[in-house]
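Protein chains: 2
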Amino acid sequence: MEMDLNAQVKKACFLQRLKDFPSKLKDGVTKRIKHVQKFGKDDPRRIIHSIKVGLSLTLVSMLYYVRPLYNSFGVSGMWAILTVVVVSEFTVGGTLSKGLNRAFATLIAGALGVGAVHLARLCGHKGEPIVLGILVFSLGAAATFSRFFPRIKQRYDYGALIFILTFSMVAVSGYRTDEILVIAYQRLSTILIGGTICILVSIFVFPVWAGEDLHKMVANNIIKLANSIEGFDGEYFPSSEKTSKETNSSVREYKSILTSKSTEDTLANLARWEPGHGRFRLRHPWTKYLKIAGLVRQCAIHFEVLNGYVLSDAKAPQDFISKIQEPCSIMSREAGEALKDIAKSIKTMSRYHVCVNTHIKNSKNAIENLRLALKLSFPETEKDLLEIIPGVTMASTLIDIVSYVEKISEAVDEFSVLAHFKENLDPKLSPELGQHHLLHKGTVKPVLEGDNEEECNNSPHVVIAVHDEQPPTVNENNVNLGAEKTTVVV
Amino acid sequence: MEMDLNAQVKKACFLQRLKDFPSKLKDGVTKRIKHVQKFGKDDPRRIIHSIKVGLSLTLVSMLYYVRPLYNSFGVSGMWAILTVVVVSEFTVGGTLSKGLNRAFATLIAGALGVGAVHLARLCGHKGEPIVLGILVFSLGAAATFSRFFPRIKQRYDYGALIFILTFSMVAVSGYRTDEILVIAYQRLSTILIGGTICILVSIFVFPVWAGEDLHKMVANNIIKLANSIEGFDGEYFPSSEKTSKETNSSVREYKSILTSKSTEDTLANLARWEPGHGRFRLRHPWTKYLKIAGLVRQCAIHFEVLNGYVLSDAKAPQDFISKIQEPCSIMSREAGEALKDIAKSIKTMSRYHVCVNTHIKNSKNAIENLRLALKLSFPETEKDLLEIIPGVTMASTLIDIVSYVEKISEAVDEFSVLAHFKENLDPKLSPELGQHHLLHKGTVKPVLEGDNEEECNNSPHVVIAVHDEQPPTVNENNVNLGAEKTTVVV
Numbered sequence: 000m001e002m003d004l005n006a007q008v009k010k011a012c013f014l015q016r017l018k019d020f021p022s023k024l025k026d027g028v029t030k031r032i033k034h035v036q037k038f039g040k041d042d043p044r045r046i047i048h049s050i051k052v053g054l055s056l057t058l059v060s061m062l063y064y065v066r067p068l069y070n071s072f073g074v075s076g077m078w079a080i081l082t083v084v085v086v087s088e089f090t091v092g093g094t095l096s097k098g099l100n101r102a103f104a105t106l107i108a109g110a111l112g113v114g115a116v117h118l119a120r121l122c123g124h125k126g127e128p129i130v131l132g133i134l135v136f137s138l139g140a141a142a143t144f145s146r147f148f149p150r151i152k153q154r155y156d157y158g159a160l161i162f163i164l165t166f167s168m169v170a171v172s173g174y175r176t177d178e179i180l181v182i183a184y185q186r187l188s189t190i191l192i193g194g195t196i197c198i199l200v201s202i203f204v205f206p207v208w209a210g211e212d213l214h215k216m217v218a219n220n221i222i223k224l225a226n227s228i229e230g231f232d233g234e235y236f237p238s239s240e241k242t243s244k245e246t247n248s249s250v251r252e253y254k255s256i257l258t259s260k261s262t263e264d265t266l267a268n269l270a271r272w273e274p275g276h277g278r279f280r281l282r283h284p285w286t287k288y289l290k291i292a293g294l295v296r297q298c299a300i301h302f303e304v305l306n307g308y309v310l311s312d313a314k315a316p317q318d319f320i321s322k323i324q325e326p327c328s329i330m331s332r333e334a335g336e337a338l339k340d341i342a343k344s345i346k347t348m349s350r351y352h353v354c355v356n357t358h359i360k361n362s363k364n365a366i367e368n369l370r371l372a373l374k375l376s377f378p379e380t381e382k383d384l385l386e387i388i389p390g391v392t393m394a395s396t397l398i399d400i401v402s403y404v405e406k407i408s409e410a411v412d413e414f415s416v417l418a419h420f421k422e423n424l425d426p427k428l429s430p431e432l433g434q435h436h437l438l439h440k441g442t443v444k445p446v447l448e449g450d451n452e453e454e455c456n457n458s459p460h461v462v463i464a465v466h467d468e469q470p471p472t473v474n475e476n477n478v479n480l481g482a483e484k485t486t487v488v489v
Numbered sequence: 000m001e002m003d004l005n006a007q008v009k010k011a012c013f014l015q016r017l018k019d020f021p022s023k024l025k026d027g028v029t030k031r032i033k034h035v036q037k038f039g040k041d042d043p044r045r046i047i048h049s050i051k052v053g054l055s056l057t058l059v060s061m062l063y064y065v066r067p068l069y070n071s072f073g074v075s076g077m078w079a080i081l082t083v084v085v086v087s088e089f090t091v092g093g094t095l096s097k098g099l100n101r102a103f104a105t106l107i108a109g110a111l112g113v114g115a116v117h118l119a120r121l122c123g124h125k126g127e128p129i130v131l132g133i134l135v136f137s138l139g140a141a142a143t144f145s146r147f148f149p150r151i152k153q154r155y156d157y158g159a160l161i162f163i164l165t166f167s168m169v170a171v172s173g174y175r176t177d178e179i180l181v182i183a184y185q186r187l188s189t190i191l192i193g194g195t196i197c198i199l200v201s202i203f204v205f206p207v208w209a210g211e212d213l214h215k216m217v218a219n220n221i222i223k224l225a226n227s228i229e230g231f232d233g234e235y236f237p238s239s240e241k242t243s244k245e246t247n248s249s250v251r252e253y254k255s256i257l258t259s260k261s262t263e264d265t266l267a268n269l270a271r272w273e274p275g276h277g278r279f280r281l282r283h284p285w286t287k288y289l290k291i292a293g294l295v296r297q298c299a300i301h302f303e304v305l306n307g308y309v310l311s312d313a314k315a316p317q318d319f320i321s322k323i324q325e326p327c328s329i330m331s332r333e334a335g336e337a338l339k340d341i342a343k344s345i346k347t348m349s350r351y352h353v354c355v356n357t358h359i360k361n362s363k364n365a366i367e368n369l370r371l372a373l374k375l376s377f378p379e380t381e382k383d384l385l386e387i388i389p390g391v392t393m394a395s396t397l398i399d400i401v402s403y404v405e406k407i408s409e410a411v412d413e414f415s416v417l418a419h420f421k422e423n424l425d426p427k428l429s430p431e432l433g434q435h436h437l438l439h440k441g442t443v444k445p446v447l448e449g450d451n452e453e454e455c456n457n458s459p460h461v462v463i464a465v466h467d468e469q470p471p472t473v474n475e476n477n478v479n480l481g482a483e484k485t486t487v488v489v
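Chains as they are written, first to last, in numbering that gives the first Met the number 0: chain H, 0 to 489; chain F, 0 to 489.
Excised from the complex, chain H in its bound form (with noise of 0.2 angstroms):
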């Protein structure tokens, strides 16, 4: 009886879930599409190389289905293709460095392995395979050994690749067969013919630039130490305008800073393979690009040691707190103002040298009344001193970014001259220079702190400028400005 209801239990349970299948089949589905949707949506640029990519193989197979095609070049297409997997990569430069590399591997180690043929076969039949073995073996292995130089690695490593690849390929079937002169002619057509397709399309169908993707990474880095700046203030000190929820995100921005630098190497140096292309010319100076990205992750480090701060419980205490409270907020707020000048500046390829300036003039200023402030909160007891060590070490960390910041600004504008940024004349942005050309100036905004600062305020406000001359430079300017920046934006 109980076994009668147990084996019914069980039948109802499996009916169930046999019923269920569908449903919950149909669920995981559509969440994998889902996923795989959000996927593509996040870069769409790759959907785009994997459409490059499907259509250079029909491009390339055209070698096969084309009978005049295959009839000069017969299964020896089946390299073409393999060149077009093999060689397309996301960005132009990565395209081009593996195009390059392969072709002229080939061309050197088809030439060298023809003549150790022709070596070979001076020493009678018997002798061929042995000396064929041996250039096999010591150019592979020298070529193998070469690959851990750091320089070779870096910029030829595949080309050693197909080197050892080729050379091996073409000798050794070379004691097989008498044609090795057409073999080899045909393996060189049908990858210059595969690499050619891939880099035009890579070139030509919506090109992916190594050198845009580096500008605007580090530009964006800078703007995430602006936020993780800002989001600290607001963290920090909970009274702050901003809620502690709005800034939890932004302050931990920094964090993928800290490991960026693979990314950044790997695309400086892939950009080097590339053209001039849009703002950046044939010799933009790509490794300066580093140098900068070598600053900000060091200001990024010390992020992470005033996010320790934030986390730890060993606060100081209340009311030493509130006294250091303005000129720490004031710095950061500052050096977050100044990082995001510096970051437009490089996205705009425009020098704004004036605004980041005058900001970091003001947090430099900020410093001063921290410790004017610093002295005033002198601490009455020896406990005291104990506890206030927490608030102490937090603001000397944020002076060490202040000053990281202001080391930013004068590589980015070393950088600027280099990289020939335009001169930026808006007399917004640049007080000193537009200074004569307005006679009143005043915003819907209350001004707040000064002069200074609101002439740097990028905030979203209506700017009512009454001009003696050239009126439209300003609204034009703005406009222009507003325009480039949603074009630039990742």
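Among the clues, some could well be false.
Where chain F lies over chain H, by a calculated footprint (3+ residues, C-beta under 8 angstroms) [claimed, not checked]: (1) 301 to 309; (2) 340 to 350; (3) 391 to 398.
So the derived list for chain F, only partly shown, Cβ under 8 angstroms to chain H, looks like this [as the list claims (entries may be wrong)]: (4) I46; (5) I47; (6) H48; (7) S60; (8) F205; (9) T392.
Only pairs whose alpha carbons sit at most 30 angstroms apart, straight line, appear in this in silico DSSO-like list of lysine-lysine [stated by the list, open to error]: (10) K290/F x K260/H; (11) K290/F x K152/H; (12) K421/F x K260/H; (13) K40/H x K374/F; (14) K290/F x K421/F; (15) K152/H x K33/F; (16) K254/H x K421/F; (17) K287/H x K40/F; (18) K254/H x K260/F; (19) K374/F x K374/H; (20) K290/H x K152/F; (21) K260/H x K374/F; (22) K322/H x K314/F; (23) K374/F x K152/H; (24) K37/H x K260/F; (25) K40/H x K152/F; (26) K314/H x K406/F; (27) K260/H x K215/F; (28) K374/H x K322/H; (29) K314/F x K314/H; (30) K40/F x K254/H; (31) K260/F x K215/H; (32) K215/F x K374/H; (33) K40/F x K152/H.
Just so you know, these hints were derived from the structure itself, not from any lab.
Think of the CB as a built atom: it goes at the ideal place given N, C-alpha and C, for glycine as much as any other residue.
Fit chain F to the given chain H structure using the hints.
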């Protein structure tokens, strides 16, 4: 006359240069050769790897040289050569990962390719290239898109590439030949031969295990931290025993840890492909290394800040520094010793937690002494407070570092259980466990800082121990440890 003189001078210069050329060339070549020799000596495994690749190439060439083998495989033998060149990676994990990816991707894509050709033939001769084109385009694009997903990119990137390659080649060449099954079979079997040769050579001829490299790298990074903290002690407090010159290089050793994340990730990823070897079993907790490495990097980040204080001109006044010097020195020395013991624990895969904990306890005691010292050195004027800030923040960073050392110790402790570290029963190293065996003990070096520290001191001094039973244990263990240490050190 003057022109004549000029011409004579030019001629003399040219002759001199011509004369110097052979010696200059010789110098250049000698320099280059020495550089290459040094590079090979730095890590002889590079030379061994190059020879291994040469060996694999020679072995696989037999498919051409030996008549019976050539008769059965024909020109397909070149796929074996191609496989050897492409699959031969420096580490066993890399070779296995590429070899298995290549084999399985070829198998699946080959089967799908044959299916695609049969499907296309159903559509008549005119429809065939269209159907094949659509299939190649869509599968190629889909597989390319899949390579963007981090999980696939990490482990199956090469497999996806080979999938596209094989499917396209089989499907497209199926249009022109009826022997498609023969081609697919030959391609698969030669790839299997090439891959097997590579894997066997990689595992059995001087194998380089990615897992072992990761293991050593993590341990060495911890030693670098230890050296840096000891170097810092000597550099910041130059009155210590060591001279500034001696410590100058070691204090910067932590720098390489800041950028080692990508190497660690790659090694951990490859280690998972490796079979059990030496002290590592098949399911060794490789991912745990990344957790420890992450903490080590966090600690190194604090070193970067600490280094800023070493380089900075704004040091606290000498009398303040001399007051906090002793606890700070003890903190750094004990933290350094703890780190060294942790590294030794990893290297020898045995637990030294008693010893490590003693050092951590000592450095925590030093923190309390530091607090006391800070209390005693309570500034007398407001000006003093500002001046001592750099010293206070330095001390605070040092305290953070000690807390990270503790975290690293906990992570290694947790890891040691999972990785089945052997319990260290050496009475010299774990006083609580071994104490009852000892009647008297002493050293030729005078006892300096108390029993606890002395017992964990690993400096090479003679231990005189009188036992009531099992006298050989101590010596045996000591010798074993020494021997193990020399073989394990990279």
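Each hint, compared with the structure:
{"no.": "1", "hint": "301 to 309", "in the structure": "holds (count 4)"}
{"no.": "2", "hint": "340 to 350", "in the structure": "violated (count 0)"}
{"no.": "3", "hint": "391 to 398", "in the structure": "holds (count 4)"}
{"no.": "4", "hint": "I46", "in the structure": "7 angstroms, holds"}
{"no.": "5", "hint": "I47", "in the structure": "10 angstroms, violated"}
{"no.": "6", "hint": "H48", "in the structure": "7 angstroms, holds"}
{"no.": "7", "hint": "S60", "in the structure": "5 angstroms, holds"}
{"no.": "8", "hint": "F205", "in the structure": "14 angstroms, violated"}
{"no.": "9", "hint": "T392", "in the structure": "4 angstroms, holds"}
{"no.": "10", "hint": "K290/F x K260/H", "in the structure": "20 angstroms, holds"}
{"no.": "11", "hint": "K290/F x K152/H", "in the structure": "29 angstroms, holds"}
{"no.": "12", "hint": "K421/F x K260/H", "in the structure": "38 angstroms, violated"}
{"no.": "13", "hint": "K40/H x K374/F", "in the structure": "59 angstroms, violated"}
{"no.": "14", "hint": "K290/F x K421/F", "in the structure": "21 angstroms, holds"}
{"no.": "15", "hint": "K152/H x K33/F", "in the structure": "20 angstroms, holds"}
{"no.": "16", "hint": "K254/H x K421/F", "in the structure": "37 angstroms, violated"}
{"no.": "17", "hint": "K287/H x K40/F", "in the structure": "33 angstroms, violated"}
{"no.": "18", "hint": "K254/H x K260/F", "in the structure": "13 angstroms, holds"}
{"no.": "19", "hint": "K374/F x K374/H", "in the structure": "18 angstroms, holds"}
{"no.": "20", "hint": "K290/H x K152/F", "in the structure": "29 angstroms, holds"}
{"no.": "21", "hint": "K260/H x K374/F", "in the structure": "42 angstroms, violated"}
{"no.": "22", "hint": "K322/H x K314/F", "in the structure": "25 angstroms, holds"}
{"no.": "23", "hint": "K374/F x K152/H", "in the structure": "56 angstroms, violated"}
{"no.": "24", "hint": "K37/H x K260/F", "in the structure": "28 angstroms, holds"}
{"no.": "25", "hint": "K40/H x K152/F", "in the structure": "18 angstroms, holds"}
{"no.": "26", "hint": "K314/H x K406/F", "in the structure": "21 angstroms, holds"}
{"no.": "27", "hint": "K260/H x K215/F", "in the structure": "23 angstroms, holds"}
{"no.": "28", "hint": "K374/H x K322/H", "in the structure": "10 angstroms, holds"}
{"no.": "29", "hint": "K314/F x K314/H", "in the structure": "24 angstroms, holds"}
{"no.": "30", "hint": "K40/F x K254/H", "in the structure": "38 angstroms, violated"}
{"no.": "31", "hint": "K260/F x K215/H", "in the structure": "23 angstroms, holds"}
{"no.": "32", "hint": "K215/F x K374/H", "in the structure": "50 angstroms, violated"}
{"no.": "33", "hint": "K40/F x K152/H", "in the structure": "18 angstroms, holds"}
Violation of the numbered hints given earlier is confined to hints 2, 5, 8, 12, 13, 16, 17, 21, 23, 30, 32; the remaining hints are satisfied by the structure.
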